[in-house]
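Assemble chain B onto chain A, guided by the hints.
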Amino acid sequence: MSNDRIWILLGKQLSGDILPAELSELEVLLKDDPEAAASRDLAASIWQTPIQEVSATHDSKERIWDAVSPQLQPRRHHTIVRRLVAAAAAAAVFGVIWTGWQFTRPAAPVLQQLSSAPGGKSRVVLPDGSIVLLNRNTQLDYEKNGFGKQHREITLSGEAFFDIAKSDGVPFIIHAGKVNIRVLGTAFNVKAYAGDSAVFTTLVRGKIAVSFREKTVVLQPDEKLTVPLTRLAAVFQQKHLEKDSSGQLPEISWLNNKLVFDNNTFGELAAKMNQWYGVTFHFESDSLEQLRFSGIIDTESVDEALNMLQLSRPFNFQVNGKEVRISN
Amino acid sequence: MRDDIPELQNRIYNGDTQAFKELYDYCCAPLLQLALAIVHNREMAEEIVADVFIAVWRKRKDLHQVSNLKWYLYAATRNIALNYLRKYAHKKTLHLDEAYSLEYEINPEAQLISNEMMRHINMAISELPPQCRLIFKLVKEDGLKYREVAVLLNVSIKTVENQVGIALKKLTRMKAFLITPLSGGQ
Chain A
1 MSNDRIWILL
11 GKQLSGDILP
21 AELSELEVLL
31 KDDPEAAASR
41 DLAASIWQTP
51 IQEVSATHDS
61 KERIWDAVSP
71 QLQPRRHHTI
81 VRRLVAAAAA
91 AAVFGVIWTG
101 WQFTRPAAPV
111 LQQLSSAPGG
121 KSRVVLPDGS
131 IVLLNRNTQL
141 DYEKNGFGKQ
151 HREITLSGEA
161 FFDIAKSDGV
171 PFIIHAGKVN
181 IRVLGTAFNV
191 KAYAGDSAVF
201 TTLVRGKIAV
211 SFREKTVVLQ
221 PDEKLTVPLT
231 RLAAVFQQKH
241 LEKDSSGQLP
251 EISWLNNKLV
261 FDNNTFGELA
271 AKMNQWYGVT
281 FHFESDSLEQ
291 LRFSGIIDTE
301 SVDEALNMLQ
311 LSRPFNFQVN
321 GKEVRISN
Chain B
329 MRDDIPELQN
339 RIYNGDTQAF
349 KELYDYCCAP
359 LLQLALAIVH
369 NREMAEEIVA
379 DVFIAVWRKR
389 KDLHQVSNLK
399 WYLYAATRNI
409 ALNYLRKYAH
419 KKTLHLDEAY
429 SLEYEINPEA
439 QLISNEMMRH
449 INMAISELPP
459 QCRLIFKLVK
469 EDGLKYREVA
479 VLLNVSIKTV
489 ENQVGIALKK
499 LTRMKAFLIT
509 PLSGGQ
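Going down the list, the protein sequences come from chains A and B. Under the numbering used here, think of the first position of the first sequence as 1, with each following residue one higher. Under the numbering used here, think of the first position of the second sequence as 329, with each following residue one higher.
Do not take every clue at face value.
Below 30 Å or equal to it, Euclidean Cα-Cα: the simulated DSS-like pairs (lysine-lysine) are [claimed, not checked]:
| hint | chain 1 | residue 1 | chain 2 | residue 2 |
| --- | --- | --- | --- | --- |
| 1 | A | Lys224 | A | Lys239 |
| 2 | B | Lys473 | A | Lys61 |
| 3 | B | Lys497 | A | Lys121 |
| 4 | B | Lys349 | A | Lys272 |
| 5 | A | Lys121 | A | Lys272 |
| 6 | B | Lys349 | B | Lys389 |
Since the hints were made in silico from the structure, they are not lab data.
Just chain A, with the same shape it has in the complex (with noise of 0.2 Å):
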């Protein structure tokens, strides 16, 4: 029997470029081949080790950097204003590198700290080989030393998608503001931005608990824990996950490059699209703010995906910069 399809969808979880439909698809096959899933972790520690050309690179880039080198020589046509500006501009920069670098580097615990790129998505793999898909906007911290073997503990800001890889007796923990999830071995999601009410967690498969103020709940796979930060009282909402008709969870939607909203009013789309787009919205009146709509948002640019809301409500937009005006 040929196991192909098996190694192509491990090969596209491996980099990060599956959907979520083929990572159902891939367990499924896995349950029918134990050959091949006891091939996964190796395929996966394969994966993590970097591979480097030899041969004479080193011998060629400094060849190559002979070449470039001397068209770096600053132009005399600069005008000095225009030099300070830049200069201005470059040590803005580093100040902020230099101000990250004090705050995250302090002289004993190394806080290793990972961001999506602005505008973008990220995907890493741990040192213990989880690996982690990072939505926009979105940053991890941990304690790099000790990290896989004494502890697995990171700090979630924003939303990732977490492949979680079995290690016996090291817990992976994540700390999304002051809820904490103790996994072993799994798949989930979860969403807790800053400017988030409460923290979202949506498991896909094994078992993961959340716990909060004292208050522990064990999830189950397809099911989605909405833990409300505002209420002083340890408050879980837990409920069933329907697919949909795709066959996956909208939870898990962002990973598709997908902005999916069914029956959202424009000012919750709004807020999504600001995360999705970095676009900032602002409404002319509050009825338009009430308008509904549901649909996906593939990969559109903005523009184009007001264009196709429009189809289905009247209103009028205007987009200027990082600024989307709404009006009548």
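Chain B only, in chain A's frame:
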């Protein structure tokens, strides 16, 4: 994978030569490899990569229009390499499956496995067919998207999927074979 390329881009845009050098150090080797895979001539590949970086520096004031600098570098390398090929068409042809024999070594900084094992992985990677090796490397090592690799090499996404799958299958087999005698106490 470095995630501060947008920041480097911003600094280069402002004329920061140090940032430019950092970008160079980070991207030179993979770009050289791509150029080599296309032109099969080291001297020519070195010229191509130099052209790419000189162009980036000269046009740094246009960098704010580039949304993905890493991809921009790969695409520029591919385009300039193809131009070279056209110029020297009588000498070279674009066939990724032609032998371009580069050796690979495992980065010694990440010694997750024994040296012996690394040597074997190293060998197994160098034994992959050239196109398979290049695609695997672009996806795994350089972190390009499947779609990007397909565009870059003018192959279908299916081909990229298949080649990565094949590479993984072969490498995993090899490693499983290596581990078995040890645990079997042979």
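Among the hints numbered above, which are violated by the structure, and what are their numbers in rising order? 4
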